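Listed below are the residues making up each chain.
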Amino acid sequence: MTLEFFLGHVNYWLFIVLMMTGFYIVVSRGNYVKKIVGLNIFQVAVFMLYISIGKVTGGTAPIFPTNSQGKIKIDPEIVYSNPLPHVLILTAIVVGIATTSLGLALIIRIREEYDTIEEDDILEIEAAMAQAENDEHGSAMGGRA
Amino acid sequence: MATAVEVHHTALTLRDHLPILQILIPFCTAPLIVFLGYRSLAWPMAFISSLLSLIIATMLLIQVSDGSYISYHLGGWAPPVGIEYRVDAANAFVLFLISATATVVLPFALSSVAHEIPCKNHALFYACFMLCVTGLMGVVITGDAFNVFVFLEISSLSTYVLVSQGSYRDKRALTAAYDYLIMGTIGATFFVIGIGLLYMTTGTLNMADMADRLVGQGGNRTVQAAFAFIVVGMGLKVAIYPLHLWLPSAYTYAPSAVTTFLAATATKAAIYVVLRFMFTVFQPDFVFDTHILVWIIGPLALLAMFAASLIAIFQTDFKRMLAYSSIAQIGYMMLGIAMFSVTGLTATMVHLFNHGITKAVLFMAVGALVLRAGSTFYDRIEGMGRAMPLTGAAIVIGGLSLIGVPGTAGFISKWMLVQAAFEGGYWWLALIIVASSLLAVLYVWRVVEVLYLHTPHPDATHTEAPLLMIVPMWIAALACLYFGLDTRFILDAASTAADGLMAGSAGMSEISSAAAAAADH
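Chains as they are written, first to last, in the numbering used here: chain A, 1 to 145; chain B, 1001 to 1521.
Keep in mind the hints are simulated off the structure, nothing from the lab.
There may be inaccurate statements among the hints.
A few chain B positions that, by computed beta-carbon distances, are all more than 10 Å from chain A [as the list claims (entries may be wrong)]: (1) 1377; (2) 1406; (3) 1478.
Derived list of chain B stretches under chain A, where covered just means 3 residues or more per stretch with a C-beta under 8 Å from a C-beta of chain A [to be verified]: (4) 1146 to 1158; (5) 1173 to 1182; (6) 1191 to 1200.
Nothing here was measured: the structure is a model prediction, and the numbers come from that model.
Every residue gets a Cβ at the ideal spot worked out from N, C-alpha and C, and that includes glycine.
Whenever a hint applies, use it, and build me the whole structure from the sequences.
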């Protein structure tokens, strides 16, 4: 693996670093808001992958030049970047926003019901609820609730 | 040339537009419900729209039942540049399952939702329900890889909302929805990374075109990585055994109507996507070369069949028990894929359908029990089989189908699976399938015992469920019996679908020659 190879793919390395950072935050953090932030970083990393794919060496912005009458003048000499990944990522950004806002809305409701957004505390509360159910319904039936 | 293309794509009758109407009808119903905002109008609109979807799905299924396919070009843009909806035997079958389930579940939902969700949310609930239907059908019908992701997220986002609506009965629905959101989004993002890597290699998003360009690319590391990302990402949505953690809580705490719909359709649509990518986009040879089917999916499927069934036996909540049983049943479907033969795939397709209707019966019965007994813990539903004879009988039919007793739908799929095992020379696998069915006998028997042999709980209401719940429940229960006795329709449709899938991208040549012609111009 030469230095050239490494530098030439620098946005792909950054994509991997960013993706794993986000993923690690989702897995390791107990705070629900922090988890959502991690999920966001994870999703944004993918945007970077797609935009990197769209880059064509020496390519310019994919807008056809027009002449003075406003007619499109296509010059086969000009190399354009691939616009399709950008369009796809616009959709993915919308999806990301929807996911984030829904996640945050759920956190607000969780805060109202549990009075905390720390996973450890919530698991404790839920364990207590399961224990209570077990005492009420489970023991008579010889199993756990 | 432009005029020639236009003439070619001019759809003269409504019939030509069926594939897009399938999606548009529920999709437009959702915002209409919200804008009109009348609670009393929400349900009728949702019901009419799902009934129309069912009619369209049936027409599509009849059109493609001879093994042909319909290619619909969105906006008249020919694939591979434009988005294509491609209906063949495999996805027409799943479309039928989804729209039929929606149509059957909605009448049931009317009284169940009224009982479990506050009035002010009803209009929005039905809007979300229609969005979920749209998303699931879109995932199944589309022939464009990125479109799958978009529809997947439409269905997932609305599913998280629907699950969280259970919070009015139990606040744990909120954390269940949150966990599902985190895991579902990770799964969808993995999937979209996989699509990105495929786009990187092939430069196209049309699945058929992608398949043609992937021929001979089996050794390409990027393609292998893409395959891994897609299978793991969709595996999260399917709830393949070690990726199933979101499922038990989401099914247990979601409102009964939502659980019924999700259990019968959501995981099934995801399994369809896995099948579509494994067998159409990546050629069967490629999948087989990587040994992923035999050495990863096979053992995991067996593990699911036993571990999840064992957990199900020790549950004391009927609804939670059914959730674990679903994970075990997904194991059967994955086993059919892992056996890698037409019979195995047929078994998967048949089980996909049969398990859908079986779980629909059982979860609707759960909804009826929640309405009358307050909850579904075994000590609360004691003796309810005698107080609610029709619901009890439906549970027995559903339970028998879950076990796979001859005469019920569940038997047919297990029979196909055993047959596939013998065909592949894995006679021991047949024994394992029978052994895991015995575990199902245990957990189903516990419910039947509680329902019929115990004295009723004093706090419960001892009347039969309302007619609006009984009728859909019995439509599904009779379907369980009907498809267990008359197997022609289901086996024909499933084996046509399996044949099409095993043939890989055969039948896509028309598209690629059209693409080549377009490239020449």
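List in ascending order the numbers of the hints, as given earlier, that are violated by the structure.
1
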